[in-house]
Amino acid sequence: MAVVEQLLRSEADGSVSFGNHTLAAKAKLEDFPHQGDLYKVKTFQSMTKLEKNGMFLYESVPGTSVNNLKETGEGMEFQVEGADDVQITLGLKDDTEYEVFVGGESAGKMKTGLGGKLSLSVELAELGAAKVTVSEV
Numbered sequence: 003m004a005v006v007e008q009l010l011r012s013e014a015d016g017s018v019s020f021g022n023h024t025l026a027a028k029a030k031l032e033d034f035p036h037q038g039d040l041y042k043v044k045t046f047q048s049m050t051k052l053e054k055n056g057m058f059l060y061e062s063v064p065g066t067s068v069n070n071l072k073e074t075g076e077g078m079e080f081q082v083e084g085a086d087d088v089q090i091t092l093g094l095k096d097d098t099e100y101e102v103f104v105g106g107e108s109a110g111k112m113k114t115g116l117g118g119k120l121s122l123s124v125e126l127a128e129l130g131a132a133k134v135t136v137s138e139v
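To convert a position in the sequence shown, counted from 1, into the numbering used here, add 2.
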């Protein structure tokens, strides 16, 4: 897996890939059209953030590179890469319970509040990359 050199791109399977955790300085790309929506990404070593139609969708601290992020009716899935362990916040449905899988293993069930945000940690320092799946329970 590699960083997304163009910051944000559409994939053939309908997903998006974004972020570059190797950048020393902030970079951003706005108004990127994908399947009728507009995306905005900000990324660098310390943080990666993605918005869809002006609404929060993904943020990681420190920065990450994300491949094949796909929203489903029940949640989302993606492949995340980074140099260090990372804290990820996702924008999902309000007041909903989800089960989170990291690298195919359940990380447990978590519930979003009224803001629809779900936070999780992914240990990337040793792995380098991991698949994350978040599914509504």
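In case anyone wonders, no lab produced these hints; they're calculated from the structure.
Some hints here could point you the wrong way.
[Stated by the list, open to error] Within a straight-line C-alpha distance of at most 27 Å, the following computed DSS-like cross-link-like pairs (lysine-lysine) qualify:
(1) K30 / K42
(2) K95 / K54
(3) K30 / K51
(4) K95 / K30
(5) K72 / K44
(6) K51 / K119
(7) K133 / K119
(8) K95 / K119
(9) K42 / K72
(10) K28 / K72
(11) K72 / K51
(12) K133 / K95
(13) K113 / K28
(14) K51 / K95
(15) K54 / K133
(16) K133 / K51
(17) K119 / K30
(18) K72 / K30
(19) K111 / K133
(20) K113 / K30
(21) K111 / K95
(22) K95 / K72
(23) K72 / K113
(24) K111 / K28
(25) K28 / K54
(26) K42 / K119
(27) K54 / K113
(28) K111 / K30
(29) K44 / K119
(30) K54 / K30
(31) K42 / K133
(32) K42 / K28
(33) K133 / K44
[To be verified] Simulated restraints, written as ranges between beta carbons of each label pair:
(34) E7 / K113: 32 to 40 Å
(35) A26 / A109: 28 to 36 Å
(36) K28 / T91: 33 to 41 Å
(37) A26 / G75: 21 to 29 Å
(38) E32 / V139: 17 to 25 Å
Being a predicted model, the structure only gives us computed values, none of them experimental.
Glycine is no exception: its CB is placed at the ideal position from the N, C-alpha and C atoms.
Comparing the hints with the structure gives:
| no. | hint | verdict |
| --- | --- | --- |
| 1 | K30 / K42 | 7 Å, holds |
| 2 | K95 / K54 | 14 Å, holds |
| 3 | K30 / K51 | 9 Å, holds |
| 4 | K95 / K30 | 26 Å, holds |
| 5 | K72 / K44 | 18 Å, holds |
| 6 | K51 / K119 | 14 Å, holds |
| 7 | K133 / K119 | 19 Å, holds |
| 8 | K95 / K119 | 8 Å, holds |
| 9 | K42 / K72 | 16 Å, holds |
| 10 | K28 / K72 | 24 Å, holds |
| 11 | K72 / K51 | 15 Å, holds |
| 12 | K133 / K95 | 21 Å, holds |
| 13 | K113 / K28 | 32 Å, violated |
| 14 | K51 / K95 | 18 Å, holds |
| 15 | K54 / K133 | 21 Å, holds |
| 16 | K133 / K51 | 18 Å, holds |
| 17 | K119 / K30 | 22 Å, holds |
| 18 | K72 / K30 | 21 Å, holds |
| 19 | K111 / K133 | 17 Å, holds |
| 20 | K113 / K30 | 30 Å, violated |
| 21 | K111 / K95 | 15 Å, holds |
| 22 | K95 / K72 | 15 Å, holds |
| 23 | K72 / K113 | 20 Å, holds |
| 24 | K111 / K28 | 33 Å, violated |
| 25 | K28 / K54 | 19 Å, holds |
| 26 | K42 / K119 | 18 Å, holds |
| 27 | K54 / K113 | 22 Å, holds |
| 28 | K111 / K30 | 33 Å, violated |
| 29 | K44 / K119 | 19 Å, holds |
| 30 | K54 / K30 | 14 Å, holds |
| 31 | K42 / K133 | 22 Å, holds |
| 32 | K42 / K28 | 13 Å, holds |
| 33 | K133 / K44 | 21 Å, holds |
| 34 | E7 / K113: 32 to 40 Å | 37 Å, holds |
| 35 | A26 / A109: 28 to 36 Å | 31 Å, holds |
| 36 | K28 / T91: 33 to 41 Å | 18 Å, violated |
| 37 | A26 / G75: 21 to 29 Å | 38 Å, violated |
| 38 | E32 / V139: 17 to 25 Å | 35 Å, violated |
When the structure is compared with the earlier hints, violations turn up for hints 13, 20, 24, 28, 36, 37 and 38 and for no others.
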